[in-house]
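What follows is each chain in one-letter form.
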Amino acid sequence: MNRSLAARLAAGLTRGKFWLAVIASSLALLAAGVMFTARGEGGEPRYFAITHARIVPVSGPVIENGTVIVAKGLIQSVGTSVTIPPEAWAIEGKGLTVYPGLIDAGTSVGLGEDSGGDSGRGKGGASAGPPVLGPEGRPGTSPWRVVADEIKTDDKRIETWRNAGFTTTLTVPDGGIFPGQAAVLDLAGNRAGDYVVRVNATVPISFKPVGGFFGFPDSLMGTIAYVRQVHDDTAWYLQAEPAYEANPAKIERPSYDRTEVVLSEAAKRHEIVMLPANNSIQILRALRLADEWKIPAVLYGGQQGYEVADALAAKKMPVLVNLKWPERGKDADPDAEQTLRELRFRDRAPGTPAAFAKAGVKFGFYSDGLPAPKDILKNAKKAIDAGLSPEAALRAFTLDSADILGLSDRMGSIAPGKIANLVVTDGDIFNEKTKVKHVFVDGRWFEIHEDATPPEKPGDKKPSDDSAATAKRYAGAEGAGR
Amino acid sequence: MKRALVLGAMFVLGGAAQQAHAQNAPEIFIQNATIFTVTKGNIERGGILIKDGKIAAVGADLKAPADATIIDGTGQFVIPGIIDCHSHIAVDGSVNEGGPAVSSMANIADVLNPADISIYDDLAGGVTTANILHGSANPIGGQTVVIKLRWGKLASELPFQGALPGIKFALGENPKRSGFTSPPGIPDRYPATRLGVEEVIRQAFIEASEYKKQWDDYNTRKAAGEQGHVAPRRNEQLEPLVEVMEGKRYVHAHCYRADEILMLMRVAKEFGFKVRTFQHVLEGYKIADEIAASGAGASTFSDWWGYKVEAYDAIPYNAAMMAERGVLVSINSDDAEEARQLNQEAAKSMKYGGMTANDALKMITINPAIQLGIDKRVGSIEVGKDADLVVYNHNPLSVYAVAQKTLIDGQVYFDRQKDIAGRAALDKEKQGLLDKEKKAAEEKKDEDKKADDKTAAKPNKKKKPDQKTKPPQSGDDSARAIAGGAL
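Protein chains in written order, with the numbering used here: chain A, 904 to 1385; chain B, 66 to 552.
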């Protein structure tokens, strides 16, 4: 029943029958839990024109009083003299600014809010049965776990992140040394599969020991040694497997090891390996290991990078900077001795992005465990206050993150052919008072209401919005149906 | 005392720049000092000329070059930098990889932490070189590295270039895990007896021998031009043991009892390697002849024992008795704090065993240098050796001696007067940062309160005034961040 209704409503929309839109949105609000499956049946509006807006393409100079045309999920054209297709919905952008959708390049958004648990994690050593006693036990190792297959579309953070202008995440699995493979997600879709921009985006590695006291590895050096052995094993399998296939009569069959198989596949497609490195000592260590292992590495953390920005620049090593700036733990013992080094670190960490920009280190931003997306931008503002230019900060959230993830050919800027991920605001995106008005994800339009004022649109007679801070979609909204 | 020194030190990364500086550094001349060369006798009112980080001249009749930086040694004593043959400082994370009984894949060199304040503490006690060992949780432990205490340099600049790497072995109660009880459901780790410790070591070397053979076979075939062979899988656990058998890696064996020391000698003989040093070796005096005959060194404590059953049959004469029987003996610290008075630890053998002052000094300078295979570079004050020196205000074998300056490669890494003079500025900076944080926290509180009031004032949104709108934050976030992020 829902299905046909949706199809009919959606069909109405494309013909511009706005009263149907009114019903559609009311229904969406009323009928909690309505899940539309009308994707691909021409249900949603696919053409939009944002007119008279200030456009910040990131890849080029700012365009005043410009127009962005969105067509079938992609940006069709951008500029001051573009032809608006007749089927396009026009959004008056006067007084508004259009940015590329923001990228959160390291989060668990999309995995469910309790994703810190142990779902799907590898053998965690002491916690699961008899302890693993060596590398062959593959402790904390589950690289075959693919985030793209574990998306929870009911993760409430998808909506809050999107409402704040984050259209895209690098959603990273947690748990273990090789927890799985991170995916790049666009934060909207009818089905989980719609979210996925890249399935095998990165192989994140953690150096946190998983062995407890009784299992391997229970030390940092043991963990590094383990990753080194896995690297050796993968390199060996890359040789042994084709050698055996070419000559099964003469060569002993290599035994099957899921870790080796999965990681050798990742190596073949040059998948990015994420190495943890937050303080300057960890950063230099990671640089050395990346050299030793000859992997396409990206560092994550990076907060003490202000001490070693030149070393990173010399190695052309990209860094995903954790925007959860270090702070004294809320429950920390007030009498505990604090070293000057710790205090300096907490004071100077927000200066890292500025130091990176100056040294020429390519960097993106990620939220790690920040609870609310407004904190992400707030903390980015701290980096701006510490000397980072707002332009560079915006690049870090958009084109540079996309570039680091190997996706700058399809996202990160407002240019023809790019995915239509856009955020439309009423002011500078790093100004705390600025409000997000519209968000486009893969060309799907979300109107953001932070208060009860209905948006001004020709012919749009929407019912008054009685819920504050909600995003509403026109037709086929899995999120709005909640 | 320790606290004051800690306050005075600040780790600032600046490695590369300082390194470059050392190359073009002006000559340094230490003048008018009492010099204990250790290998070439003592010199009264002598001078030491330092050029390009090396000792260029030593003697009583030296004159300072015109443009040299002068360190006045009047009334002071200069000895070679102290070498600590058993240290666990400057390690990031645990010093033990205790999961497997053979943890030789773990490598201290991977986790050097140049910001560990113990480096500076020990510098202040005259230590310039330390053998950084893996812990003693395993019959065969992790790989070890010799470092110079170049405070302020990068991790990559700490290792003693040219020093052979080592590996830690351990016998007795620690590797067999005496006193440990595994939680329910977790089996005790093998081995649980001294017999088992021996078996684990033998088994590991049998496997390493097979591993070596695999590679030798492969390399032979490859050299002969045979095609189609797949290289053996690299084994990070066995490779260091192959290096031990090939004489490319030193074995430093933690041990206490005479019987197990003899056991390890037999096992070493069986697999064709030598134990480089027996560490602790509190019962060494019982088998001094056997140790001397094996060619192993002994690195022991002066008078530290009784902390477990296997450490009871110990005497303060151990070092002197072993030395008398021809064993190369050093005194080590095994402890960041004790390392700061190794000079006094060495002096104890003058009381217990009647060692000469020079022989006592040898136990913390040239002897550990020989044990670590670095005696051509350090361990005595001789022309051509690294300018690793300590300047004391009293005879270093006296309890009144306090290190005034410590030099490594001709560079002053610790200067007591500068340290004292710099404390006020560092204190001020620290207080400033603490105040800044406090102020920011208070402002945030006010802001949160305002936000709460605002929410509370809104109609239909009734909230108790004390109700926080912010979600609870998890515990020690900064620690997590420092540990490398939570992803």
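The reader is advised that the hints may include incorrect statements.
As the list claims (entries may be wrong) - Away from chain A, derived, C-beta distances all over 12 Å, residues of chain B:
| hint | residue |
| --- | --- |
| 1 | L127 |
| 2 | V176 |
| 3 | D181 |
| 4 | V295 |
| 5 | E301 |
Unchecked claim - Label pairs and their calculated CB-CB ranges:
| hint | chain 1 | residue 1 | chain 2 | residue 2 | range |
| --- | --- | --- | --- | --- | --- |
| 6 | A | E1240 | B | A489 | 43 to 49 Å |
| 7 | B | K501 | A | D1238 | 32 to 38 Å |
| 8 | A | P1199 | B | H459 | 56 to 62 Å |
| 9 | B | P252 | A | K1171 | 36 to 42 Å |
| 10 | B | D282 | A | P1145 | 57 to 63 Å |
| 11 | B | A489 | A | H1173 | 37 to 43 Å |
| 12 | A | D1017 | B | P252 | 29 to 35 Å |
The set of hints was computed from the structure by calculation and includes no laboratory data. Just so it is clear, CB atoms sit at the ideal spot from N, CA and C, and this is done for glycine as well.
Each hint tested on the structure:
no. : hint                          : result
1   : L127                          : holds, 40 Å
2   : V176                          : violated, 4 Å
3   : D181                          : violated, 10 Å
4   : V295                          : violated, 5 Å
5   : E301                          : violated, 5 Å
6   : A/E1240 to B/A489: 43 to 49 Å : violated, 18 Å
7   : B/K501 to A/D1238: 32 to 38 Å : violated, 19 Å
8   : A/P1199 to B/H459: 56 to 62 Å : holds, 58 Å
9   : B/P252 to A/K1171: 36 to 42 Å : holds, 39 Å
10  : B/D282 to A/P1145: 57 to 63 Å : violated, 22 Å
11  : B/A489 to A/H1173: 37 to 43 Å : violated, 54 Å
12  : A/D1017 to B/P252: 29 to 35 Å : holds, 32 Å
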